[in-house]
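Protein chains: 2
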Amino acid sequence: MDTVLDYIRSHHDQYLAELVELLKIPSISSEKEHKGDMKTAAKALAARMKKAGLSGVKVIPTAGHPSVYGEWCKAGKDKPTVLVYGHYDVQPVDPLNLWKTPPFEPSVRPSTKVKGAKDLYARGAADDKGQLFIHLLAVEAHLKATGTLPVNVKFIFEGEEEIGSPNLVPLMKKHKALLKCDSVVVSDTPMFDYGKPSITYGLRGLSFMEVHVTGPNSDLHSGTFGGIAANPINVLCDIVAKLTDKRGKVAIPGFYDDVVKLTAAERKAYAALKVSDASFKRQLGVRELAGEQGYSAVERQSARPTLDVNGISGGYEGKGAKTVIASKAMAKISMRLVPNQDPKKIARLFTKRIKELAPRSVRVEVFDLHGGDPAMTALDNPATQAAMRALKKAFGKKVLTTREGGSIPIVADFQKILGAPTVLMGFGVPDENLHAPNEKLHLPNFFTGIEASAHYFTELAG
Amino acid sequence: MDTVLDYIRSHHDQYLAELVELLKIPSISSEKEHKGDMKTAAKALAARMKKAGLSGVKVIPTAGHPSVYGEWCKAGKDKPTVLVYGHYDVQPVDPLNLWKTPPFEPSVRPSTKVKGAKDLYARGAADDKGQLFIHLLAVEAHLKATGTLPVNVKFIFEGEEEIGSPNLVPLMKKHKALLKCDSVVVSDTPMFDYGKPSITYGLRGLSFMEVHVTGPNSDLHSGTFGGIAANPINVLCDIVAKLTDKRGKVAIPGFYDDVVKLTAAERKAYAALKVSDASFKRQLGVRELAGEQGYSAVERQSARPTLDVNGISGGYEGKGAKTVIASKAMAKISMRLVPNQDPKKIARLFTKRIKELAPRSVRVEVFDLHGGDPAMTALDNPATQAAMRALKKAFGKKVLTTREGGSIPIVADFQKILGAPTVLMGFGVPDENLHAPNEKLHLPNFFTGIEASAHYFTELAG
Chain L
421 MDTVLDYIRS HHDQYLAELV ELLKIPSISS EKEHKGDMKT AAKALAARMK
471 KAGLSGVKVI PTAGHPSVYG EWCKAGKDKP TVLVYGHYDV QPVDPLNLWK
521 TPPFEPSVRP STKVKGAKDL YARGAADDKG QLFIHLLAVE AHLKATGTLP
571 VNVKFIFEGE EEIGSPNLVP LMKKHKALLK CDSVVVSDTP MFDYGKPSIT
621 YGLRGLSFME VHVTGPNSDL HSGTFGGIAA NPINVLCDIV AKLTDKRGKV
671 AIPGFYDDVV KLTAAERKAY AALKVSDASF KRQLGVRELA GEQGYSAVER
721 QSARPTLDVN GISGGYEGKG AKTVIASKAM AKISMRLVPN QDPKKIARLF
771 TKRIKELAPR SVRVEVFDLH GGDPAMTALD NPATQAAMRA LKKAFGKKVL
821 TTREGGSIPI VADFQKILGA PTVLMGFGVP DENLHAPNEK LHLPNFFTGI
871 EASAHYFTEL AG
Chain A
421 MDTVLDYIRS HHDQYLAELV ELLKIPSISS EKEHKGDMKT AAKALAARMK
471 KAGLSGVKVI PTAGHPSVYG EWCKAGKDKP TVLVYGHYDV QPVDPLNLWK
521 TPPFEPSVRP STKVKGAKDL YARGAADDKG QLFIHLLAVE AHLKATGTLP
571 VNVKFIFEGE EEIGSPNLVP LMKKHKALLK CDSVVVSDTP MFDYGKPSIT
621 YGLRGLSFME VHVTGPNSDL HSGTFGGIAA NPINVLCDIV AKLTDKRGKV
671 AIPGFYDDVV KLTAAERKAY AALKVSDASF KRQLGVRELA GEQGYSAVER
721 QSARPTLDVN GISGGYEGKG AKTVIASKAM AKISMRLVPN QDPKKIARLF
771 TKRIKELAPR SVRVEVFDLH GGDPAMTALD NPATQAAMRA LKKAFGKKVL
821 TTREGGSIPI VADFQKILGA PTVLMGFGVP DENLHAPNEK LHLPNFFTGI
871 EASAHYFTEL AG
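Top line first, the protein sequences correspond to chains L and A.
For what it's worth, our numbering labels the leading residue of the first sequence as 421, then goes sequentially.
For what it's worth, our numbering labels the leading residue of the second sequence as 421, then goes sequentially.
Extracted from the complex, chain L is given alone in its bound form (with noise of 0.2 angstroms):
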């Protein structure tokens, strides 16, 4: 191990200068004109690959940008496969005149936080160009400085994570073969913080409602017939109280039915986690937290589920007073979801709910607009505790366990399609400027991240 190290010490210079040159090509996504930006940058990607060790590098093409994929799987059927995911493609770069430097073209500059430190500021430096190529360049330390890797690694890097990943999970089905491991790692969220590496071990799922509610056939002067219509705005704001309780539950029965409990191990994490409501209550401005009763905040935030009205609308919303009883009223209603809930019963559940609470003088209907499912990859899971591993011997410090109270939908898909579970190794910093101006790679994670994915590599082979 101590070559591969040595290996990767000595090219900092040279892993810096090429991640600048992959960060200067404008890969957005979103925006139809840098579709020659996409390609531009998925062939640097492949050529890299190859450059790397890499067998079978090809770029995949789909409906919309292409994949770059390529293996080494070299080390025998007996150790296990790794695949590693990543997006090439960044956020749009809007308002560009709150950058400081251009988004594409790469500066160095000292951190804000760490002394001595630098930190890399370009689109797409943490999210996620920076990160996929940590893995890449560990690989490469490892064939170069010993010529061989102790596990079998896939990648599989897409080009549309910033527009849903619309092609992902057809390209997963077709290629299933190809894509087979035992486990994905995702090196594209941030550590807990500066200086303390973590692992997100499990995500949140979604269920998004739209209720809408039906009085009067049409909008009413309130003077008269306020005292005998319903008002669809007022029933709408019964139901959605009863939705939860005084103890800040749910209050849709069977809604915790398939809840996976917190296990004593987990809370011992949380806690360690130390972070004070106090920060919280700074953070968002308010007097006081929010949420269900018996569990602290980190917990409340990401390993328990949430009732949340996302938008609500009905009658007059100007200026001024009228006097009007609305035809209609409606709300968006979401539930983030934990293992093991299914966003499909929690949908029936929630829709039997409304028409239960719904009085006989209105008319609701329900929608389902979209679900997402939870994950998790549990903390004894062995590619969990290789990765904690690693993490801790490359960078010296206890390694934090955390979960995500978002989604992050692929981490499922890789679950439902291939099996795998899906170990969430980030090395950016709560304060990168994801998806805003002046997004920056803070330049200690990305050296000491190669070291980390090449001992993870070592750890996953046991």
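Don't read these hints as lab results, they were simulated from the structure.
Careful: at least some of the hints might be erroneous.
Given that identical chains are not distinguished, each listed pair holds provided it fits within a single copy or across any two copies.
Below, a list of computed lysine-lysine pairs in the BS3-like style, where the Cα atoms sit at most 25 angstroms apart [as the list claims (entries may be wrong)]:
{"no.": "1", "residue 1": "742", "residue 2": "775"}
{"no.": "2", "residue 1": "775", "residue 2": "666"}
{"no.": "3", "residue 1": "775", "residue 2": "662"}
{"no.": "4", "residue 1": "701", "residue 2": "775"}
{"no.": "5", "residue 1": "775", "residue 2": "669"}
Model, not experiment: these values are computed from the prediction.
Start from chain L and add chain A according to the hints.
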């Protein structure tokens, strides 16, 4: 009285022709280009007052459109003085293409409801030129046929009713002595139904409030912060839900303290209207009505206070899904008030209750946008009794008594400033297309209305 009635009956053609001329003037108070037409209409009315035999006739300028005054006060100091209020301004005419005949080219067509009868179609026919003309012609009939009037009569016709009467209260205060009277009569409402003459003896007031709920200091990702941050929309729904109870009552402490209870006589009069829930359900297109338990629909609609959300907004209201926790949510909430509820007191109680209901995790702001006093002229008031006898004599039908769910703010103003009760003696019909295309006046109501007004002056004299 017979000579008066004979006079009226022999002048129908002339009355109709004169009303048609008045209706040709496009006196739309809200549109600047009709400022000249407003003056023309005011002058025409002043001229007609003089022709009718009134004295002291004058066009009174205001900060907006002028009012027109005239009087006949020779009945003697021992006789009551009645003030006739009406308005000569009319609503705009859009959408013009839905008018079967042009709004300012009055057209007589067969009634769609009463066989053999005719209706007069024109903007302002019912609201309010036709109705104010009724009283002027009745006074004229008395004076021409008998040379005298049993009571003193004053007329005030304003030109700003359709824009909220901004200058009427200042005018009343300035000309308090001129307008001094024992009662006011206003004909600017519909009768209960065709062939069902009625007196409106009560009006609801209004308290219109706006509630703002602020949670986190910016919109948040519901994945990252769902479970920590209080969602201002959910909180607003909770608050709104708690403002009414299961029995349909307003759940604000003190809200009902000043409500005048319905008397047995009133409830009997309501029952006599024989309005079925089924007819309301058909009209509104609903399976079930809503409202306060223990009261009939017509009672709830006009004699009981209510609380309705008139508008609500917050978060993402567009198409599809957006997983946001909004920073703010807003609701416009109005309460219809009944005698003797005070809008200012109700606004205070409402504000207090909202602040009590808001959890510490949000900030609430409550704004008092608008208030209006409820009004009632007791059924046993001599003016009301006189009006009922007059309608009975003219229409030959049982006279119904009703209360209106809406507000006519000037009625409370007459009481407050002039100390005079108001009789609402409407000659419109429910389908008169008020404020809409094809406004119409049912001509039998116009002609019989003149007789009713003539009777009213006699009955008022006692």
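To see whether the hints hold, each was checked on the structure:
1. 742 / 775: between (30 angstroms within a copy, 23 angstroms between copies)
2. 775 / 666: Both: 21 angstroms inside a copy, 18 angstroms across copies.
3. 775 / 662: Both: 12 angstroms inside a chain and 20 angstroms across chains, each within 25 angstroms.
4. 701 / 775: For residue 701 and residue 775, the Cα distance is within 25 angstroms only across copies (21 angstroms; inside one copy 36 angstroms).
5. 775 / 669: For residue 775 and residue 669, the Cα distance is within 25 angstroms both inside one copy (19 angstroms) and across copies (23 angstroms).
Checked against the numbered hints above, the structure violates none of them.
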